[in-house]
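Visitor: Below are the chains, spelled out letter by letter.
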Amino acid sequence: MKICALIPTYNHHTVLADVVAKARSFDLSVFIIDDGSNAQTRQVVANLHDPDHGVFCHRLAHNGGKGVAVMTGMKLAHQAGFTHAIQIDADGQHDLDRIPEMLRAARNAPDALVTGLPVYDDSIPTGRKIGRWVTHFWVWIETLSFAIRDSMCGFRVYPLAQSLAVWRSEGLGKKMDFDTELMVRLYWRGVPVIHIPTKVTYPDGNISNFRMWKDNVLISAMHTRLVFGMIWRLPGYFRRGATFAPRQRDFAPDNPPVSSEHWSEIDERGMYLGMRFLGAVYRYFGRRFCLAVMMPIIFYFYLTGKNARRASHDFLIRAQKAGANITPTRMNVFRHFMRFGESALDKIAAWCGKLGEGNLDLPDDAESLFDYLPRDQAVVLLVSHFGNMELVRAIASRDRDFRVNVLLHQKNAARFGRVLRKFAPESQVDLIEVTDIGPDTAIMLRERVDRGEWVVIAADRIAIGARDKTVLTPFLGEDAQFPQGPFILAYLLQCPVYAAAAWRSGKTFRIAWHKLADQMILPRANRQAEITKYASAYAQWLEKIVVNEPLQWFNFYDFWAKKKADNDQ
Amino acid sequence: MTSLETELKAFIIETLNLEDVQVDDIDSTEALFVDGLGLDSIDALELGVALQKKYDVRIDAKDENVKTHFASVRNLATFIQSEKGA
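Line by line, the protein sequences are chains A and B. Residues in the first sequence are numbered consecutively from 1, following this note's numbering. Residues in the second sequence are numbered consecutively from 570, following this note's numbering.
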């Protein structure tokens, strides 16, 4: 790991030489990026250029904003073979004596973003103090956690590869909105944030490049983008068990992250509050309001999500051919996107208790969910990313005598489970993380099945990094890959196996289920063929339902891809 | 050959329905999976569940040693004995 210093400057030169000297005193190579400064600063920068002693200066012809300067610097540093860069402001705001501490933190956690946590003295202008709190608030919502305690301090050690990846694939604010946006987006990618308390002062005669009006507009626009980004990531966030990305906290055992337990607890609290917040918005302003707010957001993602758009269009063509009453128009692709957003909203509403059994439109005038799905009999339910099965889970799980085990491929399911328990303490749902179904999982589930509990598992997606083998079976007119894992598990559990789905129909939700087998049998001799038989029965049943409600099919990727092991998202 | 090993061989044949295999066909040190007896991961699961039921041994897939325990009949016998002794 190689760390350098990165100093962007725009018309700051009075203390620049001191800042550079200080950085050099810690044996750091220094990259100075002159962001199209005036002649005077330009001259100072030019005089500092000294590659033989590790000071590299690069001038941008036009002022592009701090974001452009920092990212340009990162690119240069990365090309020069550095893996990390500590960004230092040119105006002497940062407490450079903290550099060794920050470098140490970065070395202990190379995947993390190390940031200064400003401890301000009285010299901070009140306006900015308020602005900071507004930003804190939004960042908590955008990350659904309190993991980021400060998102504006520019004094940071960036992991270069990850930062450049964000810049390339998502773009970033170029000016004062840059620092916060990059941090939130890195967090979404699973880069942990480590805080090092540091003093920040506003020296006398300091020319700040912060422009009250213009920059506040920029910052508001950035938070709008990020809140939209958060909502868009919500389904994945919940699927993964309340994280935006698989965590990269795989530190070597001799370098445990500092008080990680403590932070995970705070994460949980933040997530709980985030869900509470969204639930409250739903309750006070209603579904219509939420949908209206979501419309432009979804439209934004419709415009930018090229692959998802293509997958949706492709799916609609297939659905129409299979007899669905839908034309594969742009409008319908957009409606498909909208339905996806709506289903996320329904999930939140369901877990917050805003949707109940009264919202279920049960077939045959049944009064309760359990009229036709006996609660005392163990079953395996094969579900899919269609409609909103979670709603049934949320409602059913409030029944005290009834326990559901939900198998998720994602990490951190247990954490999400604890948060859910806080929401609905009476709920009896166990979220079980299975990346790989081993004997222990199978045995544990067998015990639960023996007690009459349900086991729910999605049978339409292939797990990440799956040893999970697949079988090919026709779905909507062409062979698609289905995972073998759920069927093998259903076999091992030796209890009735149902395919089940629930979906929104106007104001209510409808449910369908279909018994695949009283007990699956997979004889050794032709196991593969038998699994394919069950998978085909499942796919055919699913197809019928999907054709009726094509817009509630929520697999926005090439479902018919030929050979792809990790197409979970 | 210990009696536990013989017992395990019969148990494996019975649990997995290995029709053409006799107890004597299985070498105690032969690999159970892939190469030797040619069992697959589904068999491993089935066997794991059945072993747990019969011998009351705890099989934890996260345990690095599981692969070793299941490598051959002899290893399996050693594992079961050590669990019982504990």
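Treat the hints with caution; some may be incorrect.
Restricting the straight-line Cα-Cα distance to at most 25 Å, the calculated cross-link-like pairs of lysine to aspartate or glutamate (DMTMM-like) are [unchecked claim]: (1) B:Lys636 <-> A:Glu433; (2) B:Lys622 <-> A:Glu101; (3) A:Lys354 <-> B:Asp596; (4) B:Lys622 <-> A:Glu433; (5) B:Lys623 <-> A:Asp440; (6) A:Lys321 <-> A:Asp361; (7) B:Lys622 <-> A:Asp440; (8) B:Lys636 <-> A:Asp440; (9) A:Lys22 <-> A:Glu101; (10) A:Lys469 <-> B:Asp594; (11) B:Lys622 <-> A:Asp430; (12) B:Lys622 <-> A:Asp518; (13) B:Lys636 <-> A:Asp430; (14) B:Lys623 <-> A:Asp558; (15) A:Lys533 <-> B:Asp594; (16) A:Lys306 <-> A:Asp558; (17) B:Lys622 <-> A:Asp558; (18) B:Lys636 <-> B:Asp594.
Just so you know, the hints here were simulated from the structure itself, not pulled from any lab data.
Visitor: Against this structure, judge whether each hint is valid.
Guide: Hints and how they fare:
no., hint, in the structure
1, B:Lys636 <-> A:Glu433, "holds, 21 Å"
2, B:Lys622 <-> A:Glu101, "violated, 55 Å"
3, A:Lys354 <-> B:Asp596, "violated, 62 Å"
4, B:Lys622 <-> A:Glu433, "holds, 23 Å"
5, B:Lys623 <-> A:Asp440, "holds, 15 Å"
6, A:Lys321 <-> A:Asp361, "violated, 29 Å"
7, B:Lys622 <-> A:Asp440, "holds, 12 Å"
8, B:Lys636 <-> A:Asp440, "holds, 13 Å"
9, A:Lys22 <-> A:Glu101, "holds, 14 Å"
10, A:Lys469 <-> B:Asp594, "violated, 30 Å"
11, B:Lys622 <-> A:Asp430, "holds, 23 Å"
12, B:Lys622 <-> A:Asp518, "holds, 22 Å"
13, B:Lys636 <-> A:Asp430, "violated, 28 Å"
14, B:Lys623 <-> A:Asp558, "violated, 45 Å"
15, A:Lys533 <-> B:Asp594, "violated, 33 Å"
16, A:Lys306 <-> A:Asp558, "holds, 12 Å"
17, B:Lys622 <-> A:Asp558, "violated, 42 Å"
18, B:Lys636 <-> B:Asp594, "holds, 22 Å"
Hint compliance for this structure: hints 2, 3, 6, 10, 13, 14, 15, 17 are not met, and every other hint is.
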